[in-house]
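The task is simple: from the sequences and hints, build the whole structure.
2 protein chains.
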Amino acid sequence: MIAKKKVAVSVGDLNGVGIEIALKAHEAIRSFCDPYYCISSSMLQQASALLHVDIPKDFNLLHVNGSFTVTPGVISASSGLYSYLSFLKAVQATQTQRVDALVTLPVHKEAWMRAGIPYKGHTDMLRNYFHHDAIMMLGCEKMYIALFTEHTPLKEVASAVTYDRLVAFFRDFIAATKADNIAVLGLNPHAGDNGVLGDEEKCIAQAIARVNSDCSTDVLHGPLVPDTAFTPQNREHFTYYIAMYHDQGLIPLKTLYFDESINVSLNLPIVRTSVDHGTAFDIAYRHIAKEASYLNAVAAAVTLLK
Amino acid sequence: MIAKKKVAVSVGDLNGVGIEIALKAHEAIRSFCDPYYCISSSMLQQASALLHVDIPKDFNLLHVNGSFTVTPGVISASSGLYSYLSFLKAVQATQTQRVDALVTLPVHKEAWMRAGIPYKGHTDMLRNYFHHDAIMMLGCEKMYIALFTEHTPLKEVASAVTYDRLVAFFRDFIAATKADNIAVLGLNPHAGDNGVLGDEEKCIAQAIARVNSDCSTDVLHGPLVPDTAFTPQNREHFTYYIAMYHDQGLIPLKTLYFDESINVSLNLPIVRTSVDHGTAFDIAYRHIAKEASYLNAVAAAVTLLK
Numbered sequence: 001m002i003a004k005k006k007v008a009v010s011v012g013d014l015n016g017v018g019i020e021i022a023l024k025a026h027e028a029i030r031s032f033c034d035p036y037y038c039i040s041s042s043m044l045q046q047a048s049a050l051l052h053v054d055i056p057k058d059f060n061l062l063h064v065n066g067s068f069t070v071t072p073g074v075i076s077a078s079s080g081l082y083s084y085l086s087f088l089k090a091v092q093a094t095q096t097q098r099v100d101a102l103v104t105l106p107v108h109k110e111a112w113m114r115a116g117i118p119y120k121g122h123t124d125m126l127r128n129y130f131h132h133d134a135i136m137m138l139g140c141e142k143m144y145i146a147l148f149t150e151h152t153p154l155k156e157v158a159s160a161v162t163y164d165r166l167v168a169f170f171r172d173f174i175a176a177t178k179a180d181n182i183a184v185l186g187l188n189p190h191a192g193d194n195g196v197l198g199d200e201e202k203c204i205a206q207a208i209a210r211v212n213s214d215c216s217t218d219v220l221h222g223p224l225v226p227d228t229a230f231t232p233q234n235r236e237h238f239t240y241y242i243a244m245y246h247d248q249g250l251i252p253l254k255t256l257y258f259d260e261s262i263n264v265s266l267n268l269p270i271v272r273t274s275v276d277h278g279t280a281f282d283i284a285y286r287h288i289a290k291e292a293s294y295l296n297a298v299a300a301a302v303t304l305l306k
Numbered sequence: 001m002i003a004k005k006k007v008a009v010s011v012g013d014l015n016g017v018g019i020e021i022a023l024k025a026h027e028a029i030r031s032f033c034d035p036y037y038c039i040s041s042s043m044l045q046q047a048s049a050l051l052h053v054d055i056p057k058d059f060n061l062l063h064v065n066g067s068f069t070v071t072p073g074v075i076s077a078s079s080g081l082y083s084y085l086s087f088l089k090a091v092q093a094t095q096t097q098r099v100d101a102l103v104t105l106p107v108h109k110e111a112w113m114r115a116g117i118p119y120k121g122h123t124d125m126l127r128n129y130f131h132h133d134a135i136m137m138l139g140c141e142k143m144y145i146a147l148f149t150e151h152t153p154l155k156e157v158a159s160a161v162t163y164d165r166l167v168a169f170f171r172d173f174i175a176a177t178k179a180d181n182i183a184v185l186g187l188n189p190h191a192g193d194n195g196v197l198g199d200e201e202k203c204i205a206q207a208i209a210r211v212n213s214d215c216s217t218d219v220l221h222g223p224l225v226p227d228t229a230f231t232p233q234n235r236e237h238f239t240y241y242i243a244m245y246h247d248q249g250l251i252p253l254k255t256l257y258f259d260e261s262i263n264v265s266l267n268l269p270i271v272r273t274s275v276d277h278g279t280a281f282d283i284a285y286r287h288i289a290k291e292a293s294y295l296n297a298v299a300a301a302v303t304l305l306k
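Here the protein sequences line up with chains A and B, keeping their order.
Using the numbering used here, count along the first sequence one by one with no gaps and you end on 306.
Using the numbering used here, count along the second sequence one by one with no gaps and you end on 306.
You may find that some hints are simply not true.
Since copy identity is lost for identical chains, a pair holds within one copy or between any two.
Unchecked claim - EDC-like mimics (lysine to aspartate or glutamate), calculated; alpha carbons at most 20 Å apart, straight line:
1. LYS57 - ASP282
2. LYS202 - GLU110
3. LYS120 - ASP34
4. LYS290 - GLU236
5. LYS155 - ASP282
6. LYS178 - GLU236
7. LYS120 - ASP164
8. LYS120 - ASP199
9. LYS155 - ASP54
10. LYS290 - GLU260
Derived by calculation from the structure, the hints in this document are not laboratory data.
All values reported here derive from a predicted model rather than from experimental measurement.
Structure below.
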């Protein structure tokens, strides 16, 4: 009998929906992996009391220091700090091979900021921690979207589109996914309409040509006109897309596959997956949060280990 | 018996799919309006010969001067100029009430540029011609998207988002559509996450509050987080969306409703609708262009006249 894979679960912002989802999905997840939840016994007891649910007996913990009063739906520095420490614990447990992979529940960016955490999110922290250019990819079996820029204000996106960064990103993405048919989006309306509506597509086209030449085959296709890239016809051709910015890729993904999508960090020394939703403060501790994305994230982590 | 409405049809770039669609859909359109095609007899004969189709006997023309050799799929100044003159003829015929409304077939932006036409597209020209802030809205019965910025390079979008322009746009849009439940998108990832990922949402929120206050009711909702604005749940709440930029609104629209969408110019003294696709040079004169969007555009023009 092959031992189940061990998965560290960081519990996310305890004022949000993460711990509720972890408790709700535990039985289902327990059937195909051994989860280790990064939280202290006392914080878990506080959350479960607020939820009026029992803590399962085999709910194994990796202890995280710290203590504060959980307040559903509230952005706070103390909750932000605890969510960071839970994540850090999970990263360390994975790095030291105490567990095999890491699944993260959602943190709140402003809570991290209030706690003085200098990262915009999990992927940003992992990139810094491992000194690797982690790639953020979201999606599900039907469609995966890799983000060339992630949590970048829209006004700063265009200046981040440079030849050298594109070539490095394309190479890393191909190496990490082994994908051989990838759609690359343009940046501007109509992919610039031959330069009339912006000219970053020239640089994207050059980077595509360079990497295709290195691969000796046309792995990358584009730059595609963004607004028609996700029509049913194009979705028949492509499963992997590289979007130039956050909403360019995540609007179509969430429009089509909102509940089932997950987040995968590629190009890192560890396997890390995540849910594709936020802390959902508006519905926290109300027993209505959906666990589909979390179940898919844990399943994907186990699959990626194979 | 009520006389049918007269509709001027500008034929678009003759090196593209426009004239093919017009000929193919003529019988269907003839049943509910009187179309007048803005093209010369000789240019029409050239196109129909290339298509190997007969010109219907009741294919009424509004003559447009000029002559060139049609070359399917080629961007050219002469074809760009002719498409502009066809459009201008249709605008003038509508303005002088020789016809009741205007439907446009697609032009090619680069061909216009090569011909020295100083507009980025039809809507841009209409704005200048009528000295009105025309609003570009695309969609179908299930979802309409108004574009706050249109054919703007991505790097210039953020600086166009100003309080005064937003307030004027919101007022014009509400007046033109009489809509009472409108979703307004944020600009940045996560709608800025309370300023962490960009701060234009403050200005959008202020403009929304101002216009809602003038309306004495919450007609406008937002700024919504862009990547979740088009989930099935949100689409149940909203039919009208205001997008801050082209691809933010047109990616989800074309992902969901590619073939059936049309383009409507709001806030003008004339009624003008258009197909929601481009010149499709790659399939021009190959008898595979679809006419659904054109049929919907003509039907919408007739409906808007009522």
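Here's how the hints hold up against the structure:
1. LYS57 - ASP282: neither (29 Å within a copy, 63 Å between copies)
2. LYS202 - GLU110: Between copies only: 15 Å across, 36 Å inside.
3. LYS120 - ASP34: neither (29 Å within a copy, 58 Å between copies)
4. LYS290 - GLU236: between (28 Å within a copy, 19 Å between copies)
5. LYS155 - ASP282: Neither way: LYS155 and ASP282 sit 29 Å apart in one copy and 33 Å across, limit 20 Å.
6. LYS178 - GLU236: For LYS178 and GLU236, the Cα distance is within 20 Å only inside one copy (19 Å; across copies 39 Å).
7. LYS120 - ASP164: Neither: 23 Å inside a chain and 31 Å across chains, both beyond 20 Å.
8. LYS120 - ASP199: between (29 Å within a copy, 15 Å between copies)
9. LYS155 - ASP54: neither (47 Å within a copy, 52 Å between copies)
10. LYS290 - GLU260: within (10 Å within a copy, 33 Å between copies)
Violation of the numbered hints given earlier is confined to hints 1, 3, 5, 7, 9; the remaining hints are satisfied by the structure.
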